[in-house]
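There are 2 protein chains.
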Amino acid sequence: MTPDEDLHPDDVQQHLREVQALLSRQRLVENLVHRQDMPRHDLVENLVHKQHTAELRHKLDALHPADIAYILEALPLEERRFVWDLVKAERDGEILLEVTDAVRETLIEAMAPEELKAAAESLDADELADLAPDLPAEVIQDVFQSLPSEEREQLRAAMSYPEDSVGALMDFDMVTVREDVRLEVVLRYLRLFDDLPDHTDKLFVVDREEHLKGILTLETLLINDPEKEVSELMRTEIVSFEPEDDADEAAQAFERYDLISAPVVDKEKRVIGRLTVVDVVDYIREESDAEILSHAGLREEEDIFASVWDSVKNRWSWLAINLVTAFVASRVIGLFEGSIERLVALAALMPIVAGIGGNSGNQTITMIVRAIATGQVQPDALQRLLRKELGVALINGLVWGGLLGLLACWLYRSASLGAVMTAAMTLNLLLAATAGVIIPMIRSRLGADPAVGSSVLITALTDSGGFFIFLGLATLILL
Amino acid sequence: MTPDEDLHPDDVQQHLREVQALLSRQRLVENLVHRQDMPRHDLVENLVHKQHTAELRHKLDALHPADIAYILEALPLEERRFVWDLVKAERDGEILLEVTDAVRETLIEAMAPEELKAAAESLDADELADLAPDLPAEVIQDVFQSLPSEEREQLRAAMSYPEDSVGALMDFDMVTVREDVRLEVVLRYLRLFDDLPDHTDKLFVVDREEHLKGILTLETLLINDPEKEVSELMRTEIVSFEPEDDADEAAQAFERYDLISAPVVDKEKRVIGRLTVVDVVDYIREESDAEILSHAGLREEEDIFASVWDSVKNRWSWLAINLVTAFVASRVIGLFEGSIERLVALAALMPIVAGIGGNSGNQTITMIVRAIATGQVQPDALQRLLRKELGVALINGLVWGGLLGLLACWLYRSASLGAVMTAAMTLNLLLAATAGVIIPMIRSRLGADPAVGSSVLITALTDSGGFFIFLGLATLILL
Numbered sequence: 001m002t003p004d005e006d007l008h009p010d011d012v013q014q015h016l017r018e019v020q021a022l023l024s025r026q027r028l029v030e031n032l033v034h035r036q037d038m039p040r041h042d043l044v045e046n047l048v049h050k051q052h053t054a055e056l057r058h059k060l061d062a063l064h065p066a067d068i069a070y071i072l073e074a075l076p077l078e079e080r081r082f083v084w085d086l087v088k089a090e091r092d093g094e095i096l097l098e099v100t101d102a103v104r105e106t107l108i109e110a111m112a113p114e115e116l117k118a119a120a121e122s123l124d125a126d127e128l129a130d131l132a133p134d135l136p137a138e139v140i141q142d143v144f145q146s147l148p149s150e151e152r153e154q155l156r157a158a159m160s161y162p163e164d165s166v167g168a169l170m171d172f173d174m175v176t177v178r179e180d181v182r183l184e185v186v187l188r189y190l191r192l193f194d195d196l197p198d199h200t201d202k203l204f205v206v207d208r209e210e211h212l213k214g215i216l217t218l219e220t221l222l223i224n225d226p227e228k229e230v231s232e233l234m235r236t237e238i239v240s241f242e243p244e245d246d247a248d249e250a251a252q253a254f255e256r257y258d259l260i261s262a263p264v265v266d267k268e269k270r271v272i273g274r275l276t277v278v279d280v281v282d283y284i285r286e287e288s289d290a291e292i293l294s295h296a297g298l299r300e301e302e303d304i305f306a307s308v309w310d311s312v313k314n315r316w317s318w319l320a321i322n323l324v325t326a327f328v329a330s331r332v333i334g335l336f337e338g339s340i341e342r343l344v345a346l347a348a349l350m351p352i353v354a355g356i357g358g359n360s361g362n363q364t365i366t367m368i369v370r371a372i373a374t375g376q377v378q379p380d381a382l383q384r385l386l387r388k389e390l391g392v393a394l395i396n397g398l399v400w401g402g403l404l405g406l407l408a409c410w411l412y413r414s415a416s417l418g419a420v421m422t423a424a425m426t427l428n429l430l431l432a433a434t435a436g437v438i439i440p441m442i443r444s445r446l447g448a449d450p451a452v453g454s455s456v457l458i459t460a461l462t463d464s465g466g467f468f469i470f471l472g473l474a475t476l477i478l479l
Numbered sequence: 001m002t003p004d005e006d007l008h009p010d011d012v013q014q015h016l017r018e019v020q021a022l023l024s025r026q027r028l029v030e031n032l033v034h035r036q037d038m039p040r041h042d043l044v045e046n047l048v049h050k051q052h053t054a055e056l057r058h059k060l061d062a063l064h065p066a067d068i069a070y071i072l073e074a075l076p077l078e079e080r081r082f083v084w085d086l087v088k089a090e091r092d093g094e095i096l097l098e099v100t101d102a103v104r105e106t107l108i109e110a111m112a113p114e115e116l117k118a119a120a121e122s123l124d125a126d127e128l129a130d131l132a133p134d135l136p137a138e139v140i141q142d143v144f145q146s147l148p149s150e151e152r153e154q155l156r157a158a159m160s161y162p163e164d165s166v167g168a169l170m171d172f173d174m175v176t177v178r179e180d181v182r183l184e185v186v187l188r189y190l191r192l193f194d195d196l197p198d199h200t201d202k203l204f205v206v207d208r209e210e211h212l213k214g215i216l217t218l219e220t221l222l223i224n225d226p227e228k229e230v231s232e233l234m235r236t237e238i239v240s241f242e243p244e245d246d247a248d249e250a251a252q253a254f255e256r257y258d259l260i261s262a263p264v265v266d267k268e269k270r271v272i273g274r275l276t277v278v279d280v281v282d283y284i285r286e287e288s289d290a291e292i293l294s295h296a297g298l299r300e301e302e303d304i305f306a307s308v309w310d311s312v313k314n315r316w317s318w319l320a321i322n323l324v325t326a327f328v329a330s331r332v333i334g335l336f337e338g339s340i341e342r343l344v345a346l347a348a349l350m351p352i353v354a355g356i357g358g359n360s361g362n363q364t365i366t367m368i369v370r371a372i373a374t375g376q377v378q379p380d381a382l383q384r385l386l387r388k389e390l391g392v393a394l395i396n397g398l399v400w401g402g403l404l405g406l407l408a409c410w411l412y413r414s415a416s417l418g419a420v421m422t423a424a425m426t427l428n429l430l431l432a433a434t435a436g437v438i439i440p441m442i443r444s445r446l447g448a449d450p451a452v453g454s455s456v457l458i459t460a461l462t463d464s465g466g467f468f469i470f471l472g473l474a475t476l477i478l479l
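Sequences listed follow chains A and B, in order.
Residue 266 in the numbering used here sits at position 266 of the first sequence; the count goes up by one each step and never skips.
Residue 228 in the numbering used here sits at position 228 of the second sequence; the count goes up by one each step and never skips.
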């Protein structure tokens, strides 16, 4: 490839369009065969079909595995499987690593156990650990048996760490050197390699028992006199992790200290692995995706070409929870049916009070949950935050509640109805602010993730609370 | 620092607690001075005060700028400014780069123009460009005049690119080499450097006119025979960007191809800058933060210790929009006040229909918006997606609507009310699915960002639509 054929960021969409074009020509041929079904045409169409398939296979062979993954994700099921069959078997493993979980499932379903085994065996232990949960148990068992004992240990280790730990993200590819040698020796040592592990920006300096003594960046190695000793030049202020560390905190440390790679050590400070920015980037993206999806009550990334049934399964639990909370709110309204019968304007106005309370509560809880996640909110900040949020709620309640009160007053020619509206809005916003601060604080103190379901909780509270406050006030004052 | 004093990911929270402890001792002293206000005590307290201040200053000097930024973000306003005054002036610039926009504002407000000028002058052109929008115009003007002409050009270039472009993220630190030299020459050339630009994993191979010919990774440089020539070993399949490229696409390319750095070239393929994974990570984090905040209608990251007034400003527009949509929904209910007066059960049941429609619509629109953002949905997928989402909606409508219909029937002893409930739920879910697919598709075709305000739009539609469908059906059938 000459520089004129550089990869450009939008190239992958170009590749996708080309593959789609080839596929649709393919489909045209197949339709022809089906429609006419005449023996003498068969040969010609078969030839054309073969030619398109060869062209497509050729195209796929030239693509980066991540690009093939992207294309597979963008194709509907039957075309996806057709393309998947054309991909060279030895590339299956690396492509399975790149696709989203939902798409991976559809690809694995289409593979025979031997194919899966071959694909799995082409991977490193840390990669295999990522793939393992999606593979059939017997395939894992087979692959496990066939591994050399060191890799088997690595795989066992990698699979033993919980999903959101450093241990689950780390790899085992690293280059270690001793501190009592000259740079020149290190340089000669490196020339023995066919290649360095991907994303190597530093070597780990260890003693005979693999204890971490320092790090030697490639930069240090390159800019210094080769006659100097590693111990003179290595850095000893090291950001290192233990496999049990929280992946979130590791990701924050990578961002804070602008790291490319960092050693992972055990309790005795022996180097056992390495964390790279590439794994951290994937982790950050997955976490933020999960957070965005959970806001809409989606349990996981959905393959957009998933079957209706798979989609229903991904979404039903959120709808069920909301149905319960909506039903509770409906029963609160039920308590006041007598009042509504006597003053039907209440029915039209009550959803406004509940809805704005939910919006405002979600703003508060989003702020607080995010501040807790960074560790920047200490428990003693509760009072200060509460005071601030109540202040915001009071202003919003008086301003927007006042405006709505005027509107209600003008629409229904009743000043007291307007006053009830303003009062109810203000009270519901104060309720939303209080709950928005206190719910995540309590959950974080109980050790729960304050983000999970926070939106459902606050909305349930401001709905039922809003109806109760508004209809209750109206019943007391107006009727 | 010995390896026993490694940085650990949770160290920064330890630092924060130590600073807070010092500050609270400080505050204790100040309170004492205020309360007693006796001349003979002054001297002692002044001494203690000075001692604590010195201790704090010492602590801060030892910290990484990113850690100081973290601590500043976690402190309330007056303490933040106190700590900020203790930070060495020459570190101001790098710390201002690290803090969030909201906190940066509070720090800049507290600085004199000369201090700001000194801080700005300590930065590289690309860093200065990031900071510039927050600085007073006269400071920028002064700094600009004082720059050497090359850097002035770089600053002008960096500031001329729109916020979400590669040009706004790139830096100007790169090492270039010629293709017709031996590795040994490159190695000797590198030894002339005091340090390489941060995160250098590759050198850019250029010709005399700075045209990009290839890349030479540090790995290639280290593992190969120094007698070989650059041209033999350089890679020519290069992922490169142009400054006008979309930062989102560049970030996706970094993730897809696991890049650490990549050259930025102009239209004539001359190297003009460099994009690193560190800037990409920051960008990814900022984008996903903005997306999560926008779901709750927060315009930007809020300093959690911001004044009530700043918070009100950050949040008011979302509340205003929701007020309008809630008011419209309320007017839809107003149309059916006669029906509600005659069958008050409608008032209690209608929020369920509207609420579940909103939930379901948000699920659909979240899926579609995300698929569009990756470029994996082509316009011709519309029909297929619509069919699938309508299928999901139909199942959910019949299942959950059916369940609610039974509940309504049992609560109000009316089979026809139950039937209306089921029918209205199903129709509103179908409406939600249709709008959830079509709204983002149309907006993307019109060139708008399909994510912005999608949640408000769909909720507005399913609220008003839900009320209309349910009350309308009930009026037709039951009354």
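Honestly, I wouldn't trust all of these hints.
[Unchecked claim] Below, in silico cross-link-like pairs of lysine to any residue (SDA-like), each with a Cα-Cα straight-line distance of 25 Å or less: (1) A:LYS228 with B:ALA381; (2) A:LYS228 with B:ASN224; (3) A:LYS269 with A:ARG285; (4) A:LYS59 with B:VAL139; (5) B:LYS267 with A:ASP11; (6) B:LYS228 with A:ASP194; (7) A:LYS228 with B:GLU219; (8) A:LYS59 with B:GLN376; (9) B:LYS59 with A:ARG235; (10) A:LYS313 with B:GLU219; (11) A:LYS269 with B:PHE193; (12) A:LYS228 with B:LYS313; (13) A:LYS228 with B:PHE193; (14) B:LYS313 with A:LEU390; (15) A:LYS267 with A:LYS313; (16) B:LYS228 with A:LYS313; (17) A:LYS59 with B:ALA381; (18) B:LYS59 with A:GLU237; (19) A:LYS269 with B:GLN13; (20) A:LYS267 with B:GLN13; (21) B:LYS267 with A:GLN14; (22) B:LYS267 with B:GLU242; (23) A:LYS267 with B:ASP11; (24) B:LYS59 with A:ARG191.
FYI, nobody ran anything at the bench for these hints, they're computed from the structure.
All values derive from a computational prediction rather than experimental measurement.
>> To test your reading of the hints: which numbers does this structure violate?
In response: 1, 3, 4, 10, 11, 12, 15, 16 and 24
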